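Position chain B relative to chain A; hints supplied.
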Amino acid sequence: MLIPMRESFEDFKNSFSYGSRSDLSFKFLKALSDDQAAEFLARLLHEVGEMYDGAGPEALLDLAFEWQVKAYTPKPGAERPYVYEEGPFEPLTHQLEETTVGLVTSSGHFDPSDPPGDGRAGTAQESIIDRIDEFLRNAPELSTVDLSIDPPHLEVVHPGYDTRSASRDPEVTFPARALQRAANRGGIGSLASTGYSFVGACSQGRLRKELDHWIDVWKGAGIEALFLVPV
Amino acid sequence: MAVVVRSFRHVAQEMKYPRAVITQHPMGRPMGPPEDSSTHDLVVAAGLELLTNASAGSAIVELHGPYRPVT
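In order, the protein sequence lines correspond to chains A and B.
As numbered in my numbering, residues 1 to 231 make up the first sequence, in order.
As numbered in my numbering, residues 1 to 71 make up the second sequence, in order.
Pulled out of the complex, with its shape left as it was, chain A reads as follows (with noise of 0.2 Å):
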């Protein structure tokens, strides 16, 4: 993609965020002010010059994230679409040690020998990012796991959030292996032995509208209580 030779501030800092340098872990930046940019900018340079002295990068991890967060925070008196007076909320009914756990994300993992039909098998994550509209319009597919997959072998692919961690490991985003390890220590009565992932960068409208089937398939498992792990 071309970059244009004169660019200001602003474009600079948004092109983070679906632009031509695209970077998810800082699409934050398109929610900053040029100023709230700029200081966290400057902050950042700051730290690596600390490193140049054998300071280690926890600084740098810590100011990311800080920053994330106050990108993310909302604004006094912004509009808020999923804001609620009140949500669900069900006891268990029995022991969580006799409980069968399912595991559901938004990740958008799968498992590459049953893809999706919704064009991310096979395709880049720099290509699936670029076709982020369009996820936002349609519905969601729900991929299911099965959970004796060998973990290298799941694939994951997502417009929404930067992948490298959770294509390194799955775990930072599909903790299947985390539960198991909690049912063989007794912690559950057991992890269901299918996962479940979608893309969460989906048309909310038409997620809403899927989920009475989803919630059928998940029972339908003999799943009892939902471990969710939205990103």
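Calculated directly from the structure, the hints in this document are not laboratory data.
Among the clues, some could well be false.
[Claimed, not checked] Result set (DSS-like, lysine-lysine): computed pairs, CA atoms no more than 30 Å apart in a straight line:
| id | chain 1 | residue 1 | chain 2 | residue 2 |
| --- | --- | --- | --- | --- |
| 1 | B | 16 | A | 30 |
| 2 | A | 70 | A | 30 |
| 3 | A | 75 | A | 30 |
| 4 | A | 70 | B | 16 |
| 5 | B | 16 | A | 75 |
None of these values were measured; they are calculated from a predicted model.
Quick look at chain B alone, frame taken from chain A:
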């Protein structure tokens, strides 16, 4: 019944999740760094404890461990 694991407490509060574990992990890494099974187990344990012990909705547990990649 369900428990959610995520970063960004404000979303859990707005959406009134029945139970939520909040981590201090950057977007795309809610369970923790790659190959850090100790942290993943800690987060799972917090979630399972909430499943057991929460008595009402909007139950939130916030884990304060920073994000530290395994080296």
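Here is what the structure says about each hint:
no.	hint	in the structure
1	B:16 - A:30	holds (27 Å)
2	A:70 - A:30	holds (12 Å)
3	A:75 - A:30	holds (14 Å)
4	A:70 - B:16	holds (21 Å)
5	B:16 - A:75	holds (19 Å)
In summary, the structure agrees with every hint in the numbered list given earlier.
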